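Peer 1: Protein sequences, first through last, are from chains U and D. Note that numbering that gives the first Met the number 0 has the first sequence beginning at 0, numbered continuously upward. Note that numbering that gives the first Met the number 0 has the second sequence beginning at 0, numbered continuously upward.
If you are wondering where the hints come from, they were derived from the structure by calculation, not from laboratory data. Bear in mind that the values here come from a model prediction, so they are computed numbers and not experimental data. Watch out, some of these pointers could steer you wrong.
[To be verified] No farther apart than 20 Å at their CA atoms in a straight line, the calculated lysine to aspartate or glutamate pairs in the DMTMM-like style are these:
1) D:K549 x U:E227
2) D:K568 x U:E227
3) D:K568 x U:E187
[Unchecked claim] Cβ pair distances, simulated, as ranges:
4) U:I370 x D:I401: 57 to 65 Å
5) D:D523 x U:H348: 39 to 47 Å
6) D:R552 x U:A23: 54 to 62 Å
7) D:R552 x U:G283: 42 to 50 Å
8) D:E496 x U:K169: 44 to 52 Å
9) U:I370 x D:K495: 31 to 39 Å
10) D:R566 x U:Q241: 30 to 38 Å
11) U:P219 x D:G470: 37 to 45 Å
We put the beta carbon where it would ideally sit given N, CA and C, even for glycine.
Residues per chain are reported as follows:
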Amino acid sequence: MHIPFCARKCAYCDFLSFPGNQQAQREYTKKLIEEIKCQSAKVKEYQVISVFIGGGTPSILGIDDMAAVLHSLREEFEILPEAEITMEVNPGTVTAEALSCYREAGVNRISIGLQSADDKELRYLGRIHTYDEFLKSYQRVRMAGFDNVNVDLISAIPGQTLESWKNTLKKVTMLKPEHLSAYSLIVERGTPYFDRYGEQVNMENRSLTLEERNSLMSLPELPDEDTEREMYYLTQEFLNEQGYERYEISNYSKNGYECRHNIGYWTGVEYLGLGLGAASYINGCRFHNTPVFDEYCSAHLDQEEAFQRVLRQEFEQLTIEDKMEEYMFLGLRLMKGVSAHGFAGSFGHNIRSVYGMVLDAMEEEGLMEFIDGNYRLTSRGIDISNYVMSRFLT
Amino acid sequence: MAAAQQNKIRNFCIIAHIDHGKSTLADRIIEKTGLLTSREMQSQVLDNMDLERERGITIKAQAVRTVYKAGNGEEYIFNMIDTPGHVDFNYEVSRSLAACDGAILVVDSSQGIEAQTLANVYMALDHNLDVFPVLNKIDLPSAEPERVVEEIEDVIGIEAHDAPRISAKTGLNVEAVLDAIVEKIPAPEGDPDAPLQALIFDSLYDSYKGVIVFFRVKEGTVKKGDRVRMMATGAVEEVVEVGYFGAGQFLPCESLSAGMVGYLTASIKNVKETAVGDTITNADRPCKVALPGYKKVTSMVYCGLYPADGARYNDLRDALEKLQLNDASLFFEPETSLALGFGFRCGFLGLLHLEVIQERLEREYNLDLVTTAPGVVYHVYKKNGEKLELTNPSNLPDPTEIEYMEEPIVSAEIMVTTEFVGAIMTLCQERRGVYLGMEYMEATRALLRYELPLNEIIYDFFDALKSRSKGYASFDYELKGYEKSELVKLDILVNKEEVDALSFIVHALSAYDRGRRMCEKLKDEIPRQLFEIPIQAAIGGKIIARETVKAMRKDVLAKCYGGDISRKKKLLEKQKEGKKRMRQVGNVEIPQKAFMSVLKLDDE
Numbered sequence: 000m001h002i003p004f005c006a007r008k009c010a011y012c013d014f015l016s017f018p019g020n021q022q023a024q025r026e027y028t029k030k031l032i033e034e035i036k037c038q039s040a041k042v043k044e045y046q047v048i049s050v051f052i053g054g055g056t057p058s059i060l061g062i063d064d065m066a067a068v069l070h071s072l073r074e075e076f077e078i079l080p081e082a083e084i085t086m087e088v089n090p091g092t093v094t095a096e097a098l099s100c101y102r103e104a105g106v107n108r109i110s111i112g113l114q115s116a117d118d119k120e121l122r123y124l125g126r127i128h129t130y131d132e133f134l135k136s137y138q139r140v141r142m143a144g145f146d147n148v149n150v151d152l153i154s155a156i157p158g159q160t161l162e163s164w165k166n167t168l169k170k171v172t173m174l175k176p177e178h179l180s181a182y183s184l185i186v187e188r189g190t191p192y193f194d195r196y197g198e199q200v201n202m203e204n205r206s207l208t209l210e211e212r213n214s215l216m217s218l219p220e221l222p223d224e225d226t227e228r229e230m231y232y233l234t235q236e237f238l239n240e241q242g243y244e245r246y247e248i249s250n251y252s253k254n255g256y257e258c259r260h261n262i263g264y265w266t267g268v269e270y271l272g273l274g275l276g277a278a279s280y281i282n283g284c285r286f287h288n289t290p291v292f293d294e295y296c297s298a299h300l301d302q303e304e305a306f307q308r309v310l311r312q313e314f315e316q317l318t319i320e321d322k323m324e325e326y327m328f329l330g331l332r333l334m335k336g337v338s339a340h341g342f343a344g345s346f347g348h349n350i351r352s353v354y355g356m357v358l359d360a361m362e363e364e365g366l367m368e369f370i371d372g373n374y375r376l377t378s379r380g381i382d383i384s385n386y387v388m389s390r391f392l393t
Numbered sequence: 000m001a002a003a004q005q006n007k008i009r010n011f012c013i014i015a016h017i018d019h020g021k022s023t024l025a026d027r028i029i030e031k032t033g034l035l036t037s038r039e040m041q042s043q044v045l046d047n048m049d050l051e052r053e054r055g056i057t058i059k060a061q062a063v064r065t066v067y068k069a070g071n072g073e074e075y076i077f078n079m080i081d082t083p084g085h086v087d088f089n090y091e092v093s094r095s096l097a098a099c100d101g102a103i104l105v106v107d108s109s110q111g112i113e114a115q116t117l118a119n120v121y122m123a124l125d126h127n128l129d130v131f132p133v134l135n136k137i138d139l140p141s142a143e144p145e146r147v148v149e150e151i152e153d154v155i156g157i158e159a160h161d162a163p164r165i166s167a168k169t170g171l172n173v174e175a176v177l178d179a180i181v182e183k184i185p186a187p188e189g190d191p192d193a194p195l196q197a198l199i200f201d202s203l204y205d206s207y208k209g210v211i212v213f214f215r216v217k218e219g220t221v222k223k224g225d226r227v228r229m230m231a232t233g234a235v236e237e238v239v240e241v242g243y244f245g246a247g248q249f250l251p252c253e254s255l256s257a258g259m260v261g262y263l264t265a266s267i268k269n270v271k272e273t274a275v276g277d278t279i280t281n282a283d284r285p286c287k288v289a290l291p292g293y294k295k296v297t298s299m300v301y302c303g304l305y306p307a308d309g310a311r312y313n314d315l316r317d318a319l320e321k322l323q324l325n326d327a328s329l330f331f332e333p334e335t336s337l338a339l340g341f342g343f344r345c346g347f348l349g350l351l352h353l354e355v356i357q358e359r360l361e362r363e364y365n366l367d368l369v370t371t372a373p374g375v376v377y378h379v380y381k382k383n384g385e386k387l388e389l390t391n392p393s394n395l396p397d398p399t400e401i402e403y404m405e406e407p408i409v410s411a412e413i414m415v416t417t418e419f420v421g422a423i424m425t426l427c428q429e430r431r432g433v434y435l436g437m438e439y440m441e442a443t444r445a446l447l448r449y450e451l452p453l454n455e456i457i458y459d460f461f462d463a464l465k466s467r468s469k470g471y472a473s474f475d476y477e478l479k480g481y482e483k484s485e486l487v488k489l490d491i492l493v494n495k496e497e498v499d500a501l502s503f504i505v506h507a508l509s510a511y512d513r514g515r516r517m518c519e520k521l522k523d524e525i526p527r528q529l530f531e532i533p534i535q536a537a538i539g540g541k542i543i544a545r546e547t548v549k550a551m552r553k554d555v556l557a558k559c560y561g562g563d564i565s566r567k568k569k570l571l572e573k574q575k576e577g578k579k580r581m582r583q584v585g586n587v588e589i590p591q592k593a594f595m596s597v598l599k600l601d602d603e
């Protein structure tokens, strides 16, 4: 479930999010509840094993609004008692009151967007909080009784050094969160970072105030490629030492705390996206909701035509070949890789009869290996996973 | 129209440097002679290809016939023959001049004479044309007509004091030019009853009429139904139609006789049969000798053209065939490259000609091309006595079999303001030029004479000349002949494998430098791949330069929020698509544009 609001958009962020005033948030919440009712009517036979409420910044919503949304979810869907229900929160936006409200409503996992333990780096990213504010939020989360907490981190931030990254890892692991997401910064097209760090510096295509422009231009350079790679390897090494296991390219957890929702994406589990722009995979079909705020908020979702137009965009029925491709390139994000047995079970074909040539080529290039019935990426294969994954596309 | 009296005909051309206003003056003449109304005028009637208009130069010679009613009430027929304005087309220029009796020299009165102008004026004088000057752009604040008059008289030695001072752009004083044409350009001579002798100065292919031959009748008469023979190519055909050139249209007539300029059609299928400079005669009553000056056009510059998408090989062949219908100087034959697959080795008059063809293929035929480095024709003398004309570096025999090699040399004239003489001399030296002499045209301008190897000027000499003289240098050359030279083949190895399409012939002394710069350039052009890629330059197996493309260290989509799998898949598909735009050499992928990068080595 997507909550697209943020207090301020970070300079590297290319997600569907924007600052929204109180009225917009109210309007959105109302429509979201309407959507929950209409969507759930079409998937009555499904049981829900995980919920992920992300953004944007879900914690920016007023307590009443969020409570109403969570209540509606429980009303309309059959959420299993043991379901994993995650809420993303941002330091600086989350109160003790809100946390206890989430908890009462059944949220049992909190994901906090920290990104860096260095205030200077946080500023460069355009974050609205300091490390100290994160600490306070983290304490509140624990005090509210959450025993499954994720912290998001980003490496290769402008001006970041190997030392400061190590420091971030140290500080955070001392807090013993159950789960860590550690991404390498990617300069995405369309973000202010792209204008500053993309193929060419280009400040003209963005309506920035002089002040914003100057501060963007005065950002330090990104760490060079070698440093970036060292940070990346350090992450793995250091987190392993601290008892975290890497189970996916960018995700680490204590034993038994892997994010089930995240794993679902890579293993072909069906999901229903709710809210602006949310993506779904139901009944072998992929589609997404409109990413246009006004279109979403003004749609009469109870009318079938509007429902299809607004909530079934780019509707695509996957063929068996599509599914096999996805099984491979999504499954490879998991460290354990894809199961040959599982492939045969899902598709009735031997994995080698379909992908034997690619698998051999990848093995020969040292990018994949076959261990315990699973094909998985090697360390080098992970470095250039896009290349390996693209090989499985027809 | 009844057959015109010979003494009322004026056959002339306009000589001018690029941008000095030739096409504009031509437009004004057409306008003032009333053949077209102002409304019908396109801005530049003579240049009818888009490409020409964009480049501001005229590529194919054409002609226009207009009728001028002079002050004395007499009507005169003006045959205005357009000439190509670039050194690549020197031979075509000379044939166009040979079809004229006089020439108008247009000089920009703010710029003065340029090397190109000078070369063409000398050529016109060589053809015994009467040349009279016109001072154009007199309306510009920077115009210095007096200085330019003196320059014309000093440098060329023709009377210029009574030269019409005009503005072709505004039409100012253009009437004076028309009167000068009547007065100063002689009427043609020739006997209408003599055996036919007509000079071909251009031809074009029309899908309905076949080849349309443009010619000037020197002696005799030609009419519909005559059997004519092209004396050089031997082709014999029956004339289907003869006529004049309207502006942009053909006007059929009964016959054309000595002194007239016009066209004929004779269901000829290929412009190769109607070579520029050839003589048309009557097959049943031939003239004794052909007109002088015919040359077989030979390609000066060769390169490989390959379709970026190998599946479009046949489309490329069809497109080249179509272009060749209209351009006898375009040569092509199939060749294969290990790196680029199936393509064509193509021959051109010069680099401009190459660029024009390349652009037309891309624009008019929608082809995406990979071009290999252009080269000249080398003469290779083998120890076993064989002689080879080498157009593709890959075909160079083993060095042990070669006795010696020759390369084409040109005589070049460069006109430049004196402050840049030093810079231009340095440039010529860098390009292995041999200094022949320098003349001062006037206090501030000099004419430098050099002999230069053609392979040193085909890449970017013109650009270098312009940039080092801040645009003040102009340049003209003609082929002088072949000379012995120390030449070597420079091979490029990517990941230890020779890439045939990147090989080129270079002088031994500049080989090291070229090899080094080539490696540097390719290092930037070849994207990082999974492994480290050495890029080496070698001469006969000896490595002379090396660069390394470091291995790709990472290529990861770190995040994938909210299960937006479709987006991720699109990114991966895009990546895969990008690979298709690469050429696989061994296990390295080389982007198309890397093959072109060799053209731009000297851009410091």
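Peer 1: A separate judgement is required for each hint: does it hold in the structure or not?
Peer 2: Verification of the hints:
1. D:K549 x U:E227: Given pair K549 (chain D), E227 (chain U) holds - Cα atoms ~15 Å apart, limit 20 Å.
2. D:K568 x U:E227: Status violated; Cα separation ~25 Å.
3. D:K568 x U:E187: At roughly 16 Å apart (the allowed maximum being 20 Å), E187 (chain U) and K568 (chain D) satisfy the hint.
4. U:I370 x D:I401: 57 to 65 Å: Roughly 58 Å apart at Cβ, these two residues keep to the hinted range, so it holds.
5. D:D523 x U:H348: 39 to 47 Å: holds (44 Å)
6. D:R552 x U:A23: 54 to 62 Å: violated (43 Å)
7. D:R552 x U:G283: 42 to 50 Å: Since the Cβ atoms of R552 (chain D) and G283 (chain U) sit about 37 Å apart, the hinted range of 42 to 50 Å is violated.
8. D:E496 x U:K169: 44 to 52 Å: Holds, since E496 (chain D) and K169 (chain U) (Cβ atoms, about 48 Å apart) stay within the stated range.
9. U:I370 x D:K495: 31 to 39 Å: holds (33 Å)
10. D:R566 x U:Q241: 30 to 38 Å: holds (33 Å)
11. U:P219 x D:G470: 37 to 45 Å: holds (42 Å)
Taken one by one, the earlier hints fail for this structure at numbers 2, 6, 7, listed in ascending order.
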